[in-house]
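**Q** One letter stands for each residue in the lines below.
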Amino acid sequence: AQSVTQPDIHITVSEGASLELRCNYSYGATPYLFWYVQSPGQGLQLLLKYFSGDTLVQGIKGFEAEFKRSQSSFNLRKPSVHWSDAAEYFCAVGFNNAGNMLTFGGGTRLMVKP
Amino acid sequence: EPEVTQTPSHQVTQMGQEVILRCVPISNHLYFYWYRQILGQKVEFLVSFYNNEISEKSEIFDDQFSVERPDGSNFTLKIRSTKLEDSAMYFCASSEVRGQVYEQYFGPGTRLTVT
Numbered sequence: 004a005q006s007v008t009q010p011d012i013h014i015t016v017s018e019g020a021s022l023e024l025r026c027n028y029s030y031g032a033t034p035y036l037f038w039y040v041q042s043p044g045q046g047l048q049l050l051l052k053y054f055s056g057d058t059l060v061q062g063i064k065g066f067e068a069e070f071k072r073s074q075s076s077f078n079l080r081k082p083s084v085h086w087s088d089a090a091e092y093f094c095a096v097g098f099n100n101a102g103n104m105l106t107f108g109g110g111t112r113l114m115v116k117p
Numbered sequence: 135e136p137e138v139t140q141t142p143s144h145q146v147t148q149m150g151q152e153v154i155l156r157c158v159p160i161s162n163h164l165y166f167y168w169y170r171q172i173l174g175q176k177v178e179f180l181v182s183f184y185n186n187e188i189s190e191k192s193e194i195f196d197d198q199f200s201v202e203r204p205d206g207s208n209f210t211l212k213i214r215s216t217k218l219e220d221s222a223m224y225f226c227a228s229s230e231v232r233g234q235v236y237e238q239y240f241g242p243g244t245r246l247t248v249t
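For the protein sequence lines, the chains are W and F, in the order given.
Counting with the numbering used here, you get residues 4 to 117 for the letters of the first sequence.
Counting with the numbering used here, you get residues 135 to 249 for the letters of the second sequence.
Rather than coming from a laboratory, the hints here were simulated on the basis of the structure.
Just so it is clear, the structure is predicted and the values come from calculations on it, not from any experiment.
Check before you lean on any hint, since a few could be wrong.
[As the list claims (entries may be wrong)] Derived list of chain F stretches under chain W, where covered just means 3 residues or more per stretch with a C-beta under 8 Å from a C-beta of chain W: (1) 171-183; (2) 186-198; (3) 236-247.
[Stated by the list, open to error] Heads up, simulated EDC-like pairs for lysine to aspartate or glutamate below, C-alpha to C-alpha not over 16 Å straight-line: (4) W:K71 / W:D57; (5) F:K176 / W:D11; (6) F:K176 / W:E91.
[To be verified] Cβ-to-Cβ under 7 Å is the rule here; a few derived chain W residues that face chain F: (7) S29; (8) S42; (9) M104; (10) F107; (11) G109.
Even glycine gets a Cβ: it sits at the ideal position worked out from N, Cα and C.
Please take these sequences and the hints and turn them into a complete structure.
**A** This is the structure we're talking about:
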């Protein structure tokens, strides 16, 4: 069965510093990859997605992610973090031969120091 | 910008009671979903729904759960006899495309508390 791992439960960065949130998945089929962000009391907002093509994808709010098939990874990056980026971030994966369900990672809670 | 809406935002119920969680998907979307997130745990898939029938369901989605699209706009999740372990945040989502994984847009969630 497919699984998604976000190794970092909590990350704290200083405002203006760069950020990388890790995501690894396990399954053999072609993945469809997503990052969602959840602010307190809010729903899940789609940040970016990868279906095919260029492995570096750009999303909203200045985020980008890179798909590395050899490492089964889809890490989220941002060059300069803003205080408003503090939230929980979820990686999610779907597979072409597994219907439309998404499998989520456990989430990474990002805290931003002033 | 169109969005998925869910009501109520918070529902408190007693064990054994029936609850209905309501969702209004984005209007031109054809595929609908329910996910749940128990506090401190992962977001888990429950069920997907297309063309007025269940397309897929997880092991969590047992006989206590049902889904319905009672009219052209609402999509509901019913839990017949709630248990303490049903306490969770329930997210509705919708997507435009069928046949492969596609962008799923999530609502703000309903927090269900079973006492």
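**Q** Within 16 Å, alpha carbon to alpha carbon, are K71 (chain W) and D57 (chain W)?
**A** holds, 11 Å
**Q** Double-check M104 (chain W) for me: the hint is only fine if its C-beta lies closer than 7 Å to a C-beta in chain F.
**A** holds, 4 Å
**Q** Tell me if S29 (chain W) is really an interface residue toward chain F, meaning its C-beta lies closer than 7 Å to one of theirs.
**A** violated, 14 Å
**Q** Does the structure keep K176 (chain F) and D11 (chain W) at a Cα separation of 16 Å or less?
**A** holds, 14 Å
**Q** Would you check whether F107 (chain W) satisfies its interface hint, that is, whether its CB is within less than 7 Å of any CB in chain F?
**A** holds, 4 Å
**Q** Does the nearest C-beta of chain F fall within a distance shorter than 7 Å of the C-beta of S42 (chain W)?
**A** Since the shortest Cβ distance to chain F is 10 Å, the answer is violated.
**Q** How does the coverage statement for the stretch 171-183 of chain F fare against chain W, requiring three or more residues with Cβ below 8 Å from a Cβ of that chain?
**A** holds (count 6)
**Q** Does G109 (chain W) meet its interface restraint, that is, does its C-beta lie within less than 7 Å of any C-beta in chain F?
**A** holds, 5 Å
**Q** Please verify the coverage claim for the stretch 186-198 of chain F: does it have three or more residues whose C-beta sits within 8 Å of some C-beta in chain W?
**A** holds (count 3)
**Q** Has the stretch 236-247 of chain F got at least three residues whose CB is nearer than 8 Å to a CB belonging to chain W?
**A** Since 8 is at least three, the answer is holds.
**Q** Take the C-alpha atoms of K176 (chain F) and E91 (chain W), compute the straight-line distance between them, and say whether it is at most 16 Å.
**A** Holds, at roughly 12 Å.
Against the hints set out earlier in the document, violations occur for numbers 7 and 8.
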